[in-house]
Structures are given as structure tokens and as C-alpha cells.
Amino acid sequence: MRRVAITRAAALSPRGWLRPQSGFAHPPRPAGAITRFPADDFPARTARELDTPSQDALASLVLRETFPGGVPGGYAPERCGLYLGAEPERVQVAELSAVNRAVREGLPLVDADAVPHGAYARRSPGGLAARMAATLGLSGPRRVYAMACAASAAAAAGAWRALQTGEIEAALCAGVASNVEPMLFAGFCLLGAMSPSGQCRPFDLQRDGFVLADGAGALWLEDEARVLAQGRAGEIEGYLLGAGESMDAHRMTDPEPSGAGAQAAIRAALAAARVAPDEVALVKGHATGTWRNDAAESSALAALLPHRPPILALKGGIGHSIAACGVVELIAALHALRSRAVEGAYGLAQLDPALPAPNVTPYEEGPRPLRPGVALCNTFGFGGINCALVVAGPPDLP
Amino acid sequence: MMRVHVAAVGVACARGVGGASLLLGDAPLAACAPPLPQFASLLVGRAPLADAGEYVPQRKALKLMSRASQLAIAATGEALRSGPWDAREEAGLFLSVGMSGGEIRDLAGMIEASTTPEGELDLAALGARGLDKVNPLLSFHVLNNMPLCHVSITYGLGGPHAALYGEDAAAGLQAAHHAAATVGGGEGPWALAGGAESPLNTIALALQHGHRAPLAEGAASVVFAREDHAAPDPGLVVWRGLVHAGDLPSALSALRLPPRADLYCLTAGHPSPAQLPADHQPLEALLGDTGAASGALLLARGAALLGQPGGPGLALLVAPCDGAWLVAALQREES
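For the protein sequence lines, the chains are A and B, in the order given.
The first sequence begins at 1 in our numbering and counts up one residue at a time.
The second sequence begins at 1 in our numbering and counts up one residue at a time.
Note that these hints are calculated values from the structure, not bench results.
Some clues are possibly wrong.
To be verified - Examples of chain A residues toward chain B, derived with CB under 10 Å:
1) V103
2) G127
3) S139
4) A151
5) G187
6) L190
Model, not experiment: these values are computed from the prediction.
For every residue, glycine included, the Cβ atom is placed at its ideal position computed from N, Cα and C.
Extracted from the complex, chain A is given alone in its bound form:
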């Protein structure tokens, strides 16, 4: 079994740049009003926007920050894979309006000039992945995981497996999501998943949903043996020790309430990482602040981790970046392991007493110390898809 080292990691979040060594650049603050389109009359009105015009721009920024000197290790380009969690950029309301007008007026749709030719293809995350690979000179396997909230965690799991089998020698694993646009926002409003109060409150008695956010993050994964052989031990930011996945096979609208699906993913990840449950010192929760997700997740954790490791619940402060959240929040977990401290959950005021005692405290109470061990990173997607990753800090931790 290969031990997968993380030798580069950075993310751009609504709290600024995030790195394993330094954590978030800024403390959390309340979500702001949406600036990209008039949202005053939507059921939810806040978001956590980044000042980037597109997924391409976001990806370029993150690649520049993560790889200022190019990718390390001197690998043959064809031995380096790219595993991206991303969704297509949505069809614009204006394009839908043009199609609707053509239908209403009886115009031949296939000749309609109102929709730019190739409009679909330009929004493809496959094209984004190709441009990212070209930027870094990677020509190995390239896979795009379109799996909603679980996308970039699933991409990390895919990369971990490909490194285990020797299909590749190194991988870029990334999540890129420019989410705050009208159609996606409208879709989540229709599902009732977003917070009408404008503040995500993980595990709180008053929790009412998440706040949509932009975000992007990147990891460079390599076989530790190769890193050490090259004398680059000092570059190791942490390890991706294992991954596990499951599907609830329950209902489209809700997670399985006992957390059985989440438990299966967590058990599989711990087994893959060869880690005992009591070695988990930190849980990076998915913690969406939605009523049922927090209940299912805390039930799963209570069943599997009776020693109640502290939970890092980030979405109150950085929002929910959907396809990007798996990688972005994994980097925050690496920082927590490195700093031996876990910050409280921004937005949490009063823990829901109906939940099975999740070990999480309000942000205002300050960071809590963390004992040595590994972090379990949970990511759960809409429709009942679960991905758990096990990560460890760098080898030089005391």
C-alpha cells in the first residue's frame, strides 16, 4: 500500500487564501448581500461571493497560488493525472429566454441565432479540466467528477485509488466552483436548502440551511516514498491516508436519517487508511446547517466514534462551495492538525439538544486544543452520496 503525501495545497475561500501552514487569511464574518444579480426578492438573499468572473479565472488563480514554480517531483507528464470536482456552468437565464421566445414565436429552434453556437461546450467542466492540465503540463488520466457537494472529495478518492494501483505517479486534485449565479441560486431556493435568515448555523437549534459560496482548492498528491527519495520531506503538508464511499440508496430528498450511509463511507475510509476509530482526533464535518444533514451526520459520528472527537464545522464562515468544498475544507483540516487546534463553528449559538451531542462549540468560544491523531473529512452529496477521507498532518509534528 502506498502512502500518499500531499506536497502542495492551497485554496481560495470567502475567508481569503487558505493554506495548511497558516490557515485562513481572515476571520469569518457575516455573509453579504448578493452583488451579481438582484436577489432581494429571492427566498434567500445572501451568499459568499469571490471576486472572480468565472470558473476558469478561479482555477487559474488557485493553480498560480498552489504551484508558483510548477508541479514538483519531475514526473513524466503522462504519469500525472488530473482529478477535478466541478459542475458545468449553468445555462444562462437569457439563453433560456431566447429559446422560449423562439418556441413562442414558432421560429425554427435549430436555426435560432439567439443562442451562441457551442454554448454548451464552452461551459463544460471537461474543457476546464483540459485547460488546467495544459497549464501545468499534465497529460495523464483526466477525470471530472460532477457529484454536487461530494464532487471534489470524490475526485480526491479517485486520485488516491489511482495512486494505489500505480495507474499514475502523481495527481492534481482540485475543486472549482463559481456558484453564485441566478439559475443555480434559484434551483437551491426551490429545494429549500438555503438559509432564509442568511446565516448557516451548523448543528444549531435554529439552523435553517446553508449559504451558497464560491470556492476553489488544489492538492498535489504523490507517493511518499518518491518524495522522500528525492529529499523533499520538508515539502510534505500532510497525507491522504484513505478514502471510502457509499450511497444511501434511500430517498432523493433526504439523507438516510440514522446516518447508515454515512457510516458505511466512514467505515470504508478508516479501513482503507488502516486507522482505528479511536485514532481519529478531529472530524471535519460536512455540517451544512440543514436540518436533516446535520442530524444524520451527528448520528453517524455518535455511532462510530464514541470518543467524540471535536468537529470542525466550516460552512457557517465560508459558506457552501458545493463542488469545491471537499478539497477546500480538507485543507482547513490539515491546518487544524498542524496547529493542534480546532476553531469553533461560526454561526452556532445553541446546540440542538435533539442531536446526539456533536462535539462542536461556537466560534466565539475560541479554538480548542487537539490531541495527536488523524482527521476524518466527511462530505455528503445531494441524493445520498457519501465520501469520507482520512488525512494526517506532516511527519515533523511533535
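Given chain A's structure and the hints, the job is docking chain B onto it.
Relative to the frame of chain A, chain B by itself:
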């Protein structure tokens, strides 16, 4: 890694809804593609499936499903007809998915409520009035991972999974690779590899016409099972791997397969023809351009050809990838 067999195949495409035998023969798409009333001038490949009602426990579940999800449900149902396929809670599911779309009539109320009397789009009105004019369940139609979730829920599949995005056959071949690696590596006794796409709706046709032709919908599901999980039938066809290559000799070399005379070369997505054998068989001639479903349908056709009595010994499935090819291999085992 343990050897992985292709143990069952189900398809839903212009040639019908059923098992692998639908993909035998070489009658062109035009022979099985009735025109779509709205686009009578276009040759499009529509699957003869009104809906997936016969495959779901309750018809109300269909309200949450896009056409692509229903095709995936039907193809998977056909594949799983072959046996009990137990241990479903551990079974994996790996699908290629593409752009979603829908009928503009479902969104017309929202759009018109969001338009000024002068015909200008007003995004403020989208929030104020437009959202009240659209069925909330439509959100379940447009998320790209929904076919994966619907198949999981309908058939109780609970193991490892991925929804890989793509516009051509590469994503489907990668999904097959994922599934084979998972099963071969011991994660679950069997897994489904598949893909689904339906571009035959107003929105997708308007946005994609000219980009792909002839447009077609389709889905395929292929059961990969370990050799030691013999029930109901290990089958004759074995997965031999997936490689990047620029020509057939280098693909065979990378796959560690000797050149042989009884080799079929099946393509999808128009890989560079310069290095292809003259008798290669493009999937588009049979089915049209099925986009994200084409890799899975290519896999299903390969399995169908190899599984028939007197079939070829080896099928190379070739898709374009970065100016070169992605090549998967299926091999027939002589009993």
C-alpha cells in the same frame, strides 16, 4: 487485482430497450429512428421508452427524474434482469453523465414572469415572481449526478460510486475503468459501469445542434463481476484495461495483448482515423451521437459482439482523447 468479467448488459437507445443483443448487427441509425415531431428535419435517435414506470416501485418517483435518469434506470433494470445480483448494499456504481436539459415549456412560466412587458429579462422579477411559476421538483432534473442517485435508490446500490462528466466516449470508458478497478481491487463483489444522456429536448437541441450530429439519446449499464462471484453467470468476456495510445500497436503493447487477427476496432466520438484499421466500426453509424452515454454503449456493443457464438476474440474500444486515443480492451475467453 482479480480478473473482472462482463456479466450482464442492459441498454436503452434508438435500437430498443433490452439486452446486449440489441447492439448486434449493423443496420444504420436511420433504420430505427422515427422523426421527433418538433424537429422533423433532423435525424435523431430516440429510445422507444415512454417512461421508466415499469422499472420503479412507485410511478411518483418519475416526477423527480429527467429523461437521462429514466434511461439509466431502464438500462440498469435490463442488465439486472439476468439474475438476483445480491449484496447490493456493497455494489458499486460508476456512470458517465453529460449536460442536462429539459423542455422549455416547464420553464416558460418562470421565464415569462421574469420578463418585462418590453420583452427584457428582469432578474429581480425572477425572485419576486418567476420562482413561483416553476415546479420545485425540476431541480432534481438538472443536477448532473441525479442519474447516479436515481439508479442507486431504485436498485438499492450502496457501494463506491462516481458520476464522471463528459461530452464524449472518454468519460464512459473511464467509468468502466473505475468500476473494473473497484471490483478487481476487492471493493464489493460487483459493480455497474454505465452512462446516460438525453439531448432530445428543446433546450439541449437549441444549444447543441451543430455541435454534434446526428443527436441521439441513450444509456447502457454493464455489470462487472469478479471471477469468484460467479452467480448468475461469469460470462465469457473479460475486461483487459484502459490505456492512452496513439495507434493500435502501441495500445496493444500497453495492454500487454498480442496482435491477433480476430480483433474488432469499435470507435465512438470520431478518433483520428489515420491510424485506425479500415474496417473500424463507428458507434455513431448505429446509434447517432449519444454524447456522455457513448462510452458505455461502446462497452455494451463490444461485450455483445464478443459474447455471441463465433464472435471475435478481442474488441478494442477507441475514443478520442487530447489528440490521441483512449483505448479499452475486452477479451473473449474461450471456454
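Outcome of the hint check:
Satisfaction of the interface hint for V103(A) is found here, the shortest Cβ-Cβ separation to chain B being roughly 5 Å, below the 10 Å cut-off. Using the Cβ-Cβ criterion of 10 Å, the hint placing G127(A) at the interface with chain B is satisfied: the shortest such distance is roughly 9 Å. The closest approach between the C-beta of S139(A) and any C-beta of chain B is roughly 7 Å, which is under the 10 Å cut-off, so the hint is satisfied. The beta carbon of A151(A) is positioned within 10 Å of a beta carbon in chain B (closest approach about 8 Å), and the interface hint is therefore held.
Hint status for G187(A): holds, given a least beta-carbon distance of 4 Å to chain B, under 10 Å. For L190(A), the shortest C-beta to C-beta distance to chain B is roughly 4 Å, which falls under 10 Å, so the interface hint holds.
Violated hints are absent here; each numbered hint is respected by the structure.
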